[in-house]
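**Q** What follows is each chain in one-letter form.
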Amino acid sequence: MNQTTDILVARGLRKSFGELEVLKGIDFSLRQGELVFVIGPSGSGKSTMLRCFNRLEEPTEGSVTIDGVNLMAPGVDINSMRRQIGMVFQQFNLYPHLSVSRNITLALRKVLKRSASQAEETAREMLEMVGLEEKADAYPGELSGGQQQRVAIARAVALEPKVMLFDEPTSALDPELVGSVLQVMRKLRDSGMTMVVVSHEMRFAREAAGRIVFMSDGEIIEEGTPDQIFENPSHRRTREFVAEISR
Amino acid sequence: MDLIVENFFNIEIMRQAFPLLLRGLGTSALLCLAVIPLGLIGGLVVALMARTHIRVLRFTVIALIDFFRAVPPLVLLIFIYSGLPFAGIQLSPFVAVCLGFLLNNSAYYAEIYRAGIESIGAGQMEAARSTGLNPLQSMIYVILPQATRNVLPDLLSNTVEVVKLTSIASVVALPELLYSADMARSISYNSSPIVLAAGIYLLILWPSVRLLSRLEHRVGH
Ligand SMILES: Nc1ncnc2c1ncn2[C@@H]1O[C@H](COP(=O)(O)OP(=O)(O)O)[C@@H](O)[C@H]1O
Ligand SMILES: [Mg+2]
Numbered sequence: 001m002n003q004t005t006d007i008l009v010a011r012g013l014r015k016s017f018g019e020l021e022v023l024k025g026i027d028f029s030l031r032q033g034e035l036v037f038v039i040g041p042s043g044s045g046k047s048t049m050l051r052c053f054n055r056l057e058e059p060t061e062g063s064v065t066i067d068g069v070n071l072m073a074p075g076v077d078i079n080s081m082r083r084q085i086g087m088v089f090q091q092f093n094l095y096p097h098l099s100v101s102r103n104i105t106l107a108l109r110k111v112l113k114r115s116a117s118q119a120e121e122t123a124r125e126m127l128e129m130v131g132l133e134e135k136a137d138a139y140p141g142e143l144s145g146g147q148q149q150r151v152a153i154a155r156a157v158a159l160e161p162k163v164m165l166f167d168e169p170t171s172a173l174d175p176e177l178v179g180s181v182l183q184v185m186r187k188l189r190d191s192g193m194t195m196v197v198v199s200h201e202m203r204f205a206r207e208a209a210g211r212i213v214f215m216s217d218g219e220i221i222e223e224g225t226p227d228q229i230f231e232n233p234s235h236r237r238t239r240e241f242v243a244e245i246s247r
Numbered sequence: 001m002d003l004i005v006e007n008f009f010n011i012e013i014m015r016q017a018f019p020l021l022l023r024g025l026g027t028s029a030l031l032c033l034a035v036i037p038l039g040l041i042g043g044l045v046v047a048l049m050a051r052t053h054i055r056v057l058r059f060t061v062i063a064l065i066d067f068f069r070a071v072p073p074l075v076l077l078i079f080i081y082s083g084l085p086f087a088g089i090q091l092s093p094f095v096a097v098c099l100g101f102l103l104n105n106s107a108y109y110a111e112i113y114r115a116g117i118e119s120i121g122a123g124q125m126e127a128a129r130s131t132g133l134n135p136l137q138s139m140i141y142v143i144l145p146q147a148t149r150n151v152l153p154d155l156l157s158n159t160v161e162v163v164k165l166t167s168i169a170s171v172v173a174l175p176e177l178l179y180s181a182d183m184a185r186s187i188s189y190n191s192s193p194i195v196l197a198a199g200i201y202l203l204i205l206w207p208s209v210r211l212l213s214r215l216e217h218r219v220g221h
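Quick mapping for you: the protein sequence lines, in order, are chains F and Z.
Note that the working numbering has the first sequence beginning at 1, numbered continuously upward.
Note that the working numbering has the second sequence beginning at 1, numbered continuously upward.
Note that these hints are calculated values from the structure, not bench results.
These numbers were taken from a predicted model, which means no experiment stands behind them.
Accuracy of the hints is not assured; some may be wrong.
Here are some chain F residues pointing at chain Z (derived, C-beta under 7 Å) [unchecked claim]:
#1 56
#2 76
#3 79
#4 83
#5 87
#6 93
#7 95
#8 97
#9 101
#10 102
#11 107
#12 110
#13 111
Simulated restraints, written as ranges between beta carbons of each label pair [claimed, not checked]:
#14 58/Z to 141/F: 27 to 35 Å
#15 206/Z to 172/F: 30 to 38 Å
#16 121/Z to 17/F: 16 to 24 Å
#17 118/Z to 141/F: 15 to 23 Å
#18 7/Z to 141/F: 56 to 64 Å
#19 96/F to 187/Z: 31 to 39 Å
#20 192/F to 33/Z: 56 to 64 Å
#21 16/F to 122/Z: 13 to 21 Å
#22 121/Z to 41/F: 21 to 29 Å
To give an idea of the chain Z side of the interface with chain F (calculated C-beta under 8 Å), a few residues [to be verified]:
#23 123
#24 126
#25 127
#26 130
#27 132
#28 134
#29 142
#30 145
#31 146
Beta carbons are placed, not taken as given, at the ideal position from N, Cα and C, and that holds for glycine.
Hey, can you work out the whole structure from these sequences and the hints?
**A** Printed below as a string of structure tokens:
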């Protein structure tokens, strides 16, 4: 039963938008506590793959299993599964009409059915974790991009997910704000969170990632440790891409 | 000049007609209390149905929206009140008016909600769904509050239109404000009651219209 340590397993994942095949058979697995970086050229299908992992995008073929539960199985409670798969978006996607605290408590109350006071307590803890406890009553529009992204992380982590998916979490940020978000992600990893991160933050990847996956044209071309991928890639396309983002 | 005052601004006649008009105003208010919530709720339901993934339902709903927006409300009302009895369906004036307004208003309000919902980026729905909220919860707690805020001026302005449109209930002899005024006119053989009714409409709607234009200004910036 070595399977139990695999939190996320994708098998033969394919996705087409009309004629365009965006994912061409992805096999991917993620162990408990692992942090995997996904890199690859724009349009190679990284976002689509992440979105298939929680069925925000419906795969055309293949399976996704989260902690032993097949998301594609008929009758699966997708809402209760999604709560266990945290997602952080490039554009933060906080709810602008709700305070920071209410952004975090909404799903705690409506999905996990926590009481108002319990949910608020959790929100306080989460905001403390991301260093924004004084912003509980602020509205997203009053925060910097970096602060918004940290709230978005807090919102996802509050639901105690088994895995967290990050889709270019720092790409929309001014360079001076990137560090604070990476700091929170580092903290999460150190607490044992299982994470998939689509990002081109090479320094962070080297320091934090256990494994790097290189995608191109809807396929996983190569995967390995940061050293292997960045210093010694075995495929031409990986080499070219790494050279390009290292410039 | 005296003739104009005598026929249109006759204080004595207005005073006599006033109690009747007041009762008419009460009926108009009651009508608004019925048809505005009906339209707001009906419109919301229709707007949500127009987004369904079930194709047949979606096309049917969109076709019905177009249909009821194209049919003049007066034609619709007379059909319901005077046409349906030929099919054995005889409705009271009040119910006939409510039904006519439900069909007409739902279509208009639905279009407004639809524009509001479409003004919210897909990322909001995705974020909500990614936390495990179901489609309805995501709609209620995340999308609709933002959507209605974005189209608040349109909702209000449509509501002002609805209030004005309740005067067409006079054609099915529902004794609302206009009908009462017209009755007073025919009894007194003088147009002053109509002028009084217009004054009452003005008094009630003018603040709403003012508010609306201020709101439109604010949202516009
Ligand atoms: N909803 C969609 N409809 C049609 N094409 C899409 C859609 N989403 C993504 N694509 C296409 O799929 C390809 C992969 O996109 P994406 O997964 O966003 O790549 P990446 O995140 O690696 O940049 C692109 O060619 C993109 O245009
Ligand atoms: Mg992407």
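**Q** Now look at each hint and say whether the structure bears it out.
**A** Verification of the supplied hints:
no. : hint                       : verdict
1   : 56                         : holds (6 Å)
2   : 76                         : violated (13 Å)
3   : 79                         : holds (5 Å)
4   : 83                         : holds (3 Å)
5   : 87                         : holds (4 Å)
6   : 93                         : holds (4 Å)
7   : 95                         : holds (6 Å)
8   : 97                         : holds (5 Å)
9   : 101                        : violated (14 Å)
10  : 102                        : violated (9 Å)
11  : 107                        : holds (4 Å)
12  : 110                        : holds (5 Å)
13  : 111                        : holds (4 Å)
14  : 58/Z to 141/F: 27 to 35 Å  : holds (34 Å)
15  : 206/Z to 172/F: 30 to 38 Å : violated (47 Å)
16  : 121/Z to 17/F: 16 to 24 Å  : holds (19 Å)
17  : 118/Z to 141/F: 15 to 23 Å : holds (21 Å)
18  : 7/Z to 141/F: 56 to 64 Å   : holds (58 Å)
19  : 96/F to 187/Z: 31 to 39 Å  : violated (58 Å)
20  : 192/F to 33/Z: 56 to 64 Å  : holds (58 Å)
21  : 16/F to 122/Z: 13 to 21 Å  : holds (19 Å)
22  : 121/Z to 41/F: 21 to 29 Å  : holds (25 Å)
23  : 123                        : holds (4 Å)
24  : 126                        : holds (6 Å)
25  : 127                        : holds (4 Å)
26  : 130                        : holds (4 Å)
27  : 132                        : holds (3 Å)
28  : 134                        : holds (5 Å)
29  : 142                        : holds (6 Å)
30  : 145                        : holds (5 Å)
31  : 146                        : holds (5 Å)
Hint check: violations occur at hints 2, 9, 10, 15 and 19; the rest are consistent with the structure.
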